[in-house]
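**Student:** Line by line, the protein sequences give chains P and Y.
Residue numbering for the first sequence follows the working numbering, starting at 1 and increasing by one per position.
Residue numbering for the second sequence follows the working numbering, starting at 1 and increasing by one per position.
Everything labelled a hint here was simulated from the structure, so no lab data went into it.
Please note that a few of the clues may not be correct.
One-sided and incomplete, this derived list gives chain Y residues near chain P with beta-carbon spacing under 8 Å [to be verified]: (1) HIS284; (2) GLU287; (3) ARG358; (4) GLY361; (5) LEU401; (6) SER402; (7) LEU404; (8) PRO407.
From the three backbone atoms N, C-alpha and C, an ideal C-beta is built for every residue, glycine too.
Listed below, chain by chain, are the residues.
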Amino acid sequence: MSYSATFKDHLAHPRNAGELPEATAVCEQTNPVCGDRLRLSIVVHHERIEVARYLAYGCPPTLVCGSVLTELITGKTTTEAKQLTRADLLNAIGGLPSRKHHAAALAIEALNAVLG
Amino acid sequence: MPQQSWAATDLTFMPDRRIYLDHSATTPVDPRVAGAMVRCITDVFGNPSSVHGFGQQARAAVDRARREVAALVNARPNEIIFTSGGTEANNLAIRGVCQGSTGSGRHIVTSSIEHPSVRGVCAALEQQGWEVTRLPVYENGIVKIEDVREALRPDTVLVTVMLANNEIGTVQPIAEIGALVRERRADGQKHLFLHTDAVQAAGRMALNVEELGCDLLTMSAHKLYAPKGVGALYVRRGVRLMGQNVGGHQERERRAGTENVPGIVAFGEAAKIAREELAQRTTHDVELRDEFERKVTELIPDVVMNGDRERRLPHLSNISFRYIEGEGLLINLDLQGVAVSTGSACSSGTLEPSPVIRALGVDDEIARGSIRFSFGKENTDADIDYVIDALVQAVERLRALSPLNRPLAVS
């Protein structure tokens, strides 16, 4: 399959890249097989994710998953965010080739880790 | 549904300008070569094996091309076997020599940075009981002649070491290895031969099989501005080679099958042009490459140039950009119309980054961040300026995303 227009847009124009000095939680996950990394930083206020930032190292799907994930979770309550699945993320990206699904798995792992 | 490259199929992101810097993967067909091929397709349709005039016309066209390809490496025309490409030629060389060596031994010496087509055949023979010694390369990406000397055994039948590497462009000491092999042969080890995969080198540097001292040499047409689907194997007179395609007398019984006449004619034309224009192409490529590398070094921090700086092909530059992964950079450049390739794992569909870059003894991050820029005769100074701008932006953008150069603060 081809990558979606959403994918290319996020790759060319990453959203929410960076770190947060005022973060209430920061977590980094590494894919032990391929070495891809995703670091999520969030500010949670009254159970709601007010700001989210990410840093990523790895293949383009990993970079894009970080960008799309931060858009998906911003404004959500932590309970809502915890319900996000790999499939939700893949849908938001417009799909990924099956051999790249590990990128979405890493993003969801990082999300669960940062939400504690 | 088969996976496709979106860059090739989706035009919504097609940039205004497209610059091809992947000449080590393949080259655009030279219009003069295309012209010769089209004339052959329309005018010369006979089967070269036919006795009548149509057939003889095709035979003459193949023979002309054979002379040109032979001249490119200073061989005799009857020492050239046309194949479907470099992979087939490598298979024919290695299997052909090994199977023709009955009783002489079952040991092969090769390098650790060969093209997959050589690596694959050696691994397949290993499964069948052959022993394979893989020579290391060092930080400079070059095998040491002492290691070759040490690896040779009385039962070694073949040394196969590439002339120039396809990822980092380093040129191996084939003439020295050739001298060593000849020496051993003179000492009585009659069935010991040297094969070199010259797919990347042909058309990029002057080649002379006598000076190299090799017994077999592989070439591929599409790396020298001819179309895909045709290659050649030089086999020195006197080498016992077992044919792999059987069932026909073509190519002196060593490669059965009706010849790809238009492809062979195109290859001949490309070989002739490559020989005539080698000096100007080399000067052109070196100037572009050196200017490119100078600007990269000046404008982008934390880069690593992979492979020896001197003993290398004129048109190739392999650079690792720290903190970022090659495929991300490749696709960012592609979005701006610049075509390169990478040794990153994701790109090749494997989990391990390039074995060639790893063989240099560098860490995973360097291997994953490696990009190959390979220049060609149609590239210009203005192309380099454009690519540098695109590269600086892409590297900055990806580094801004990277966690590798920022320690994780304890929260």
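**Student:** All the hints need checking, so say for each whether the structure fits it.
**Tutor:** Okay, the hints, checked on the actual structure:
| no. | hint | in the structure |
| --- | --- | --- |
| 1 | HIS284 | violated (32 Å) |
| 2 | GLU287 | violated (32 Å) |
| 3 | ARG358 | violated (13 Å) |
| 4 | GLY361 | violated (18 Å) |
| 5 | LEU401 | holds (5 Å) |
| 6 | SER402 | holds (5 Å) |
| 7 | LEU404 | holds (5 Å) |
| 8 | PRO407 | violated (10 Å) |
Hint violations for this structure: numbers 1, 2, 3, 4, 8, all remaining hints satisfied.
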